[in-house]
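Protein chains: 2
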Amino acid sequence: MLQSKLFSRTTKNLPEGEESKNAQLLTKGGFVNKSSAGVYSMLPLGLKVLNKINQIIREEMNAIGGEELLMPSLVQKKYWEQSVRWGVDVIYKTGETIKSEKDLQYGLGWTHEEVISAIAKHFINSYKDLPKAVYQIQTKFRAEPRAQAGLLRGREFLMKDLYSFHLDEKDLNDFYRKVIDAYKKIMDRLCLKALVTEASGGAFTKEFTHEFQVLNSAGEDTVMHCEKCDWAQNKEITQVAEGGKCPKCGGVVKSDRGIEVANVFRLGTKFSKDFNLNYLDQNGEKKMVVMGSYGIGPTRLMGTLVEEYNDEKGIIWPDSVASFKVHLIVLGDSAKAQKEADKTYENLVRHFGELEVLYDERNASAGEKLNDADLLGAPWRIVVSEKTMAEKRVEVKRRSEKTAKLVSIKEFFKLAA
Amino acid sequence: MLQSKLFSRTTKNLPEGEESKNAQLLTKGGFVNKSSAGVYSMLPLGLKVLNKINQIIREEMNAIGGEELLMPSLVQKKYWEQSVRWGVDVIYKTGETIKSEKDLQYGLGWTHEEVISAIAKHFINSYKDLPKAVYQIQTKFRAEPRAQAGLLRGREFLMKDLYSFHLDEKDLNDFYRKVIDAYKKIMDRLCLKALVTEASGGAFTKEFTHEFQVLNSAGEDTVMHCEKCDWAQNKEITQVAEGGKCPKCGGVVKSDRGIEVANVFRLGTKFSKDFNLNYLDQNGEKKMVVMGSYGIGPTRLMGTLVEEYNDEKGIIWPDSVASFKVHLIVLGDSAKAQKEADKTYENLVRHFGELEVLYDERNASAGEKLNDADLLGAPWRIVVSEKTMAEKRVEVKRRSEKTAKLVSIKEFFKLAA
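Protein chains in written order, with the numbering used here: chain P, 1 to 417; chain H, 1 to 417.
Think of the hints as simulated: they come from the structure by calculation, not from any bench.
A couple of the hints might just be wrong.
You can't tell identical chains apart in this list, so a pair holds if it fits in one copy or across any two.
To be verified - Keeping only pairs whose Cα atoms sit at most 30 angstroms apart, straight-line, the calculated DSS-like set for lysine-lysine is:
id: 1; residue 1: K93; residue 2: K77
id: 2; residue 1: K5; residue 2: K336
id: 3; residue 1: K78; residue 2: K93
id: 4; residue 1: K185; residue 2: K5
id: 5; residue 1: K343; residue 2: K128
id: 6; residue 1: K93; residue 2: K34
id: 7; residue 1: K286; residue 2: K369
id: 8; residue 1: K206; residue 2: K77
id: 9; residue 1: K402; residue 2: K193
id: 10; residue 1: K12; residue 2: K132
id: 11; residue 1: K273; residue 2: K121
id: 12; residue 1: K128; residue 2: K12
id: 13; residue 1: K12; residue 2: K121
id: 14; residue 1: K132; residue 2: K286
id: 15; residue 1: K254; residue 2: K193
id: 16; residue 1: K410; residue 2: K132
id: 17; residue 1: K132; residue 2: K313
id: 18; residue 1: K325; residue 2: K5
For reference, chain P alone in the conformation it holds in the complex (with noise of 0.2 angstroms):
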């Protein structure tokens, strides 16, 4: 893409009381616009990092047998009084905006556990329907008093919510190991590092839940962790004090900030009761099902992502996840080096598609446009002058390194394969 087309571009102006690291980065880059607290849209550059961070959480919930379908976010009432749901501080309401049907109230989705539960009902009956697991990635809305940390915490931020359906408890258990394991591959391909941290299965389970947690000093919770194996606590349940003796392997324990990305809940019965979830097992006896729920926070992963990697200069994407993976800068004005560039842009778009190559091809000072570039965080930054003509080579940088060399666009596609 030509830079000068985009319809953002990098800018020095904050929103007013804008705090965080990451919604500071993501507004400069352009990638955010800001439109209320905890409201955001996805510009075209934050829109496809997001979307990438979708497809790979995609992959990974299609791999362990997940199917993908999308729910309403206008939820009516009769649904969470269903579940005693109805009176949840962060349930938004609406609805009696529609005169003639004073009683058809909503409560914009949070969580889908009651619509879910009742549209299983029409497709459950018997022990051969089970198991079952489907997952959206959907817009939710939370009403947070405190919503101040860009990204991280929304009052509108996208979720994939995960459900499955189980004969028993054991079934369950096996799919919740699965699950942890498919949420450890998507956190690699994200570059992230989360901690599996044990923490309260609160209204649902007298078992532990697990989170991933990214300890980072942005995270709004305290992960106990021990220095030595990988056993972590959520500060909210645990009986070890920092510096004490890890349960696990004698190890030290440290206290760190965490952001929970992602979560893993055992429901057991508790919508199956709600919603007369039953099945008939094998001798034909009625059975509730045992139900799971997993969470997991593409917005607040973006967040995160730049929580983690960046530096002075701005973001650092991870390649898995960059708008661009090269940015493509000609520096000087000569006509010569602007149709060295043109080639060079042609050359890269042959070999990663015009959707992974940004060129910027403005009229504008060096200074300019290297900033952008480190703000923008391709992780491969080409640059094009007189000077690397000279030599007949590009000078190739990568974001997250300090030196950039000069190679032949041959040598870089090596480099970037």
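Given the structure of chain P, go ahead and fit chain H onto it with the hints provided.
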């Protein structure tokens, strides 16, 4: 995909009062699930169709230079007040639930001229920044008093909304024509015949706007159109009566019901004024940006396709949007036929990809299987049975045709190419 593993299955049960043909067939087939009036979940089969429609739209929007973004649904009151649209009937209001911020009310996005104008202010300052075009494919909310037409009129539905920004009326008109051409391509790819119908400009412009109307008795609009040429006007604005003379060619004017699947709108400077969206021209003079907006309804298109393509047995999806290209069925319970069908399935998957082949390997009656195939409406049905095996062929039937024929798989690949 194996039919036994599908989350949904076909059903004869319909929600109370579900009278529209599209909702009936889509519900019976397990494509959608109604959660309240005008609010549907897209089940896996339905989401596949919807995603194909979206992808066609996306490709044609990108082809005319549109950049995709994603705006929020929580649109703060102040935006609607700026355009004096806080009081419209269809707006769902919410936000009072956040006790700590009493003034923070939102109108759920039912269209996004306000939000995009506020965003564009950040990126449009000079004539050099124009023209620009951005679009989103996003869930919209409208408090429709009548919501009984299935996917044709939803309270929550998907919309592709494109917004364009121009130097002047001439540039807007050039782009406006480009969008009309892009929409024609979309309709062609979806196998829908739509009349480009003149309609009222409403509050924004004295010029006509244009609606894309698919003539169908399920439609809510009345379209006056020429039997001979392409002249068409919405009855609301026309001065020609049924049986009258076409003002363009003198042909006879007919009256038919139409489903409005898309529209294109010249906004002029309405929102530029409201949001102070200006640019400096070549002489340094401040001018107002001239805007257009262009809507197309993917969920409504899905409903329209069902209204257009069905028979007494079920849906007849056009090839471009079908959940599956091929529905493979094994008949009879001989192990030999099952084995041959398994082999055929692998063969089909190798050729078309797993996502495009549905394999009914269930232990069910021939009638049930054939009825399901007709209801689900994949363009090609292939039957493997002892009978077809005796001929060393498979039985191939196009959903839109009456007769089946015996061919080799190789011949089928040629037919389906």
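| How would you label the pair K12, K121 (within, between, both, or neither) given a Cα cut-off of 30 angstroms? | between (53 angstroms within a copy, 15 angstroms between copies)
When no copy is specified for K206 and K77, does a C-alpha distance of 30 angstroms or less occur within a copy, between copies, both, or neither?
-> within (28 angstroms within a copy, 43 angstroms between copies)
task = Using 30 angstroms as the alpha carbon limit, work out where K93 and K34 are close: within a copy, between copies, both or neither.
result = The answer is both: 22 angstroms in one copy and 20 angstroms across copies each meet 30 angstroms.
- request: Pop the pair K185 and K5 into one bin, within, between, both or neither, using alpha-carbon distances up to 30 angstroms.
  value: between (36 angstroms within a copy, 24 angstroms between copies)
* Between copies, within a copy, both or neither: which fits K286 and K369 at Cα up to 30 angstroms? -> Intra 67 angstroms, inter 28 angstroms, cutoff 30 angstroms: inter-copy only.
Up to 30 angstroms between alpha-carbons, please classify K5 paired with K336: within, between, both or neither.
within (22 angstroms within a copy, 60 angstroms between copies)
Is it within, between, both, or neither for K12 and K132, if the alpha carbons may be no more than 30 angstroms apart?
between (49 angstroms within a copy, 22 angstroms between copies)
Within, between, both or neither, where K343 and K128 count as close if Cα-Cα is 30 angstroms or less | Answer is between: at 24 angstroms across copies they meet the 30 angstroms cutoff, but 60 angstroms inside does not.
Under a CA distance limit of 30 angstroms, which applies to K132 and K286: within one copy, between copies, both, or neither?
Within one copy, since 18 angstroms is at most 30 angstroms while 60 angstroms is not.
- Homo-oligomer pair classification [K12, K128; C-alpha up to 30 angstroms]: For K128 and K12, only the inter-copy Cα distance (20 angstroms) is at most 30 angstroms; the intra-copy one is 59 angstroms.
Alpha-carbon proximity between K132 and K313, which holds within one copy, between copies, both or neither at 30 angstroms | between (47 angstroms within a copy, 28 angstroms between copies)
query = Can you tell me if K410 and K132 fall within 30 angstroms by alpha carbon in one copy, between copies, both or neither?
reply = Classified as neither: same-chain Cα gap 48 angstroms, cross-chain 35 angstroms, threshold 30 angstroms.
The structure does not agree with numbered hint 16 stated previously, though it agrees with all others.
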